[in-house]
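*Asks:* So you can see what is in the structure, the chains are spelled out below.
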Amino acid sequence: MNAPAEFSTLMLGVLGVLAFATVVAQILRARLGDGPVIDNLVARINAWWGMVALLAIAMLGGRGGVVILFAIMSFAALREFLTLTAKSRADHWALVASFFVVLPVQYALIYSDWYGMYSIFIPVYAFLFLPIVSVLHGDTDSFLVRVAETQWGLMICVFAASHVPALLSLEIAGFEGKNVLLVAFLVVVVQLSDVLQYVWGKLLGKRKIAPSLSPSKTWEGFVGGTLSASLVGAGLWWMTPFSPVQAFGLSLIITLMGFFGGLVMSAIKRDKGVKDWGHLIAGHGGFIDRLDSVVFSAPIFFHVVRYFWSAV
Amino acid sequence: MLRSFLAGNVGNAIALFARLVTAVRGIWQGVDPTRRQRIYFANHTSNGDFVLLWTVLPPALRRETRPVAAADYWLTSKLRSFIGRDVFRAVLIDRNPQTRTDDPVGQMVDALKDGSSLILFPEGQRNMDETVTLLPFKPGLFHVAERRPDVDLVPVWIENLNRVMPKGEVIPVPLICTVTFGDPIHVESGEAKAAFLTRAENALLALKEGAV
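Chains A and B are the protein sequences, given in the same order.
The first sequence: position 91 = 91 (our numbering), numbered continuously.
The second sequence: position 160 = 472 (our numbering), numbered continuously.
Incorrect hints may have been included.
Heads up, simulated BS3-like pairs for lysine-lysine below, C-alpha to C-alpha not over 27 Å straight-line [claimed, not checked]:
(1) Lys269/A - Lys178/A
(2) Lys450/B - Lys272/A
(3) Lys87/A - Lys202/A
(4) Lys505/B - Lys479/B
(5) Lys505/B - Lys390/B
(6) Lys505/B - Lys87/A
(7) Lys275/A - Lys425/B
(8) Lys202/A - Lys269/A
(9) Lys520/B - Lys87/A
(10) Lys505/B - Lys450/B
(11) Lys520/B - Lys269/A
(12) Lys425/B - Lys479/B
(13) Lys520/B - Lys425/B
(14) Lys178/A - Lys272/A
(15) Lys505/B - Lys520/B
Chain A regions said to be covered by chain B (calculated; three or more residues, Cβ under 8 Å) [what the hints assert, rightly or not]:
(16) 85 to 93
(17) 96 to 109
(18) 246 to 255
Per label pair, the in silico range of CB-to-CB distance [as the list claims (entries may be wrong)]:
(19) Gly273/A - Trp340/B: 53 to 61 Å
(20) Ser112/A - Ser389/B: 54 to 62 Å
(21) Arg407/B - Lys87/A: 55 to 63 Å
(22) Leu54/A - Asp414/B: 33 to 41 Å
(23) Glu376/B - Val304/A: 53 to 61 Å
(24) Arg412/B - Asn40/A: 39 to 47 Å
(25) Ser216/A - Asp426/B: 23 to 31 Å
(26) Val145/A - Thr445/B: 51 to 59 Å
Bear in mind the hints are in silico, worked out from the structure with no lab data behind them.
Glycine included, C-beta positions come from ideal geometry on N, C-alpha and C.
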């Protein structure tokens, strides 16, 4: 329950930004009247209030809170992912094992700080054993596609996502007891980058960056969003073990990985013929729509910080 | 008193469980969730079908909507009988023409007379063949509709539940399901049984296209 003092400062800042966004959206609605864009904007902002509240509660709950929150998000994300892929009855037991064995075991390993095991559990053990479970059923139709899609879903929705709470296990000299701030730093920078790309894109966006993948992504949004979010990240150096320049560099890595993660997940949506991954977060779509940038940046951020800053 | 209190809570618990596993969403495409008397007729691939349909109904509609179900399944144990009779207040029909004493059409018409809406699976049994989208409808829907032409017949497509819980499995896989409600149909005056049943089947099949 002992949140570091910097956490309260950050929360004040985030709530200030949300309050500002809410006021701006109401002014826009009063000026321009109701419309699908304004409705979506208001829904998005309202959902942000809920997501910020959930994250804050989880972080105040410490290691257990963050691990449980991300385990639940992994569950919802994996459910969205496998809904679009799983087609065969022969995979029933492999899917049951993915949800009710692999996912809880991965988060239990994260909770118990067993770096050597949580780093290889899904890439090695799940990777080898789930196809064995499937093959015992004897159905060879699209066998490789089926096992590959299930493994990919686990890597993205469980393995990569679990690297956010894994940040709590890093040991950085002079930063003891403050690791929750690394989680907050990552989540704030990557989500802010998404928001700022949307804002810059709506204000200035002209040249489409990947029209066949994601018609709303523009060069102006990409450059403006990643750079401004990285500058904000640099400005948050006081809550991290990094210098301002280091915080900027790490933020740039986070925002770039987040951007390309969004593109990759869009490509999968296009391939499967859907617009959103789900419908549970009003205005945003599904959990994966909101988490795609986080899951691509979290493992890289984790390993860079671990290699250069952490003792373990 | 205690029994009905228990039944209400068990019903809510089952609906909550269905939501936790399937994140089920009702898509009210052709009708609104209002308190009109209706027969919801749906595709049938899993024993959980009517639970899912019932879950997406608003609570006020749940209380007055009764599934039509097979007595030979729901009366085989005390627990099933409690869930079938008390929780869902199912209209239990005997599927075997040789042994039955009640006429299923009469039972359904009686339930409609009490003001209830019905959930009906006109295929008559679970469709276990993945290569067939819909089995041919049994004539019951036609006979009930003929006697109560004022009641809306609402086609309902249930997507994905057969993957959540394939036949013979006991542990459900959490996958997202949708329940799509289409435009209501009615028996037209002088319409023949076969023509009506084909029209009803097509109305249901048309919903499958939009359901993801």
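*Asks:* Each hint: holds or not?
*Replies:* Taking the hints in turn, this is what the structure says about them:
The suggested pairing of Lys269/A with Lys178/A is violated, with an alpha-carbon distance near 37 Å, which exceeds 27 Å. The hinted pair formed by Lys450/B and Lys272/A fails the criterion: a straight-line CA distance of about 35 Å is larger than 27 Å. Distance check on the hinted pair: Lys87/A and Lys202/A sit about 38 Å apart at the alpha-carbon level, beyond 27 Å; violated. With a C-alpha separation of about 32 Å, the suggested pair Lys505/B and Lys479/B falls outside the 27 Å cut-off, and the hint is violated.
For the hint linking Lys505/B to Lys390/B, the alpha-carbon distance of about 38 Å lies beyond 27 Å, and the restraint is violated. In summary, the hint linking Lys505/B to Lys87/A is not supported, as the alpha carbons are separated by about 36 Å, beyond the 27 Å threshold. Under the criterion of a C-alpha separation no larger than 27 Å, the hint pairing Lys275/A with Lys425/B is inconsistent with the structure, at around 44 Å. Using a Cα cut-off of 27 Å, the hinted pair Lys202/A and Lys269/A holds, with the two alpha carbons roughly 22 Å apart.
Pair hint Lys520/B plus Lys87/A holds up; C-alpha atoms about 16 Å apart against a cutoff of 27 Å. Taken as a hint, the Lys505/B and Lys450/B pair is honoured in the structure, with Cα atoms around 10 Å apart against an allowance of 27 Å. Between Lys520/B and Lys269/A, the direct Cα distance comes to roughly 20 Å. Compliance with the 27 Å bound is thereby established for this hinted pair. About 35 Å separates the Cα atoms of Lys425/B and Lys479/B, which puts this hinted pair outside 27 Å; it is violated.
For the given pair, Lys520/B sits about 31 Å from Lys425/B by alpha-carbon distance, which is inconsistent with the 27 Å threshold. Distance hint between Lys178/A and Lys272/A is unfulfilled; the C-alpha atoms sit about 41 Å from each other, more than 27 Å. The straight-line distance between the Cα atoms of Lys505/B and Lys520/B is roughly 23 Å, inside the 27 Å bound, and the hint therefore holds. By the rule of at least three residues with a Cβ nearer than 8 Å to a Cβ of chain B, the coverage given for the stretch 85 to 93 of chain A holds, with 4 such residues.
With 3 residues bearing a CB less than 8 Å from a CB of chain B, the stretch 96 to 109 of chain A meets the requirement of three and the coverage assertion stands. Remark: the stretch 246 to 255 of chain A is not confirmed as covered by chain B, as 0 of its residues place a Cβ nearer than 8 Å to a Cβ of that chain, below the required three. Evaluation of the 53 to 61 Å hint for Gly273/A and Trp340/B yields a failure: the beta carbon distance comes to about 23 Å. Taking 54 to 62 Å as the suggested C-beta distance range, the pair Ser112/A and Ser389/B does not conform, at roughly 42 Å.
A C-beta distance of roughly 31 Å is found between Arg407/B and Lys87/A, which places it outside the suggested range of 55 to 63 Å. About 52 Å separates the C-beta atoms of Leu54/A and Asp414/B, a value inconsistent with the hinted range of 33 to 41 Å. A hinted range of 53 to 61 Å for the beta carbons of Glu376/B and Val304/A is consistent with their spacing of about 60 Å. Arg412/B and Asn40/A have their C-beta atoms about 55 Å apart, which leaves the hinted 39 to 47 Å range violated.
For Ser216/A paired with Asp426/B, a C-beta distance near 53 Å fails the hint of 23 to 31 Å. At about 23 Å, the CB distance of Val145/A to Thr445/B disagrees with the hint of 51 to 59 Å.
Consistency note: the structure conflicts with the earlier hints numbered 1, 2, 3, 4, 5, 6, 7, 12, 13, 14, 18, 19, 20, 21, 22, 24, 25 and 26.
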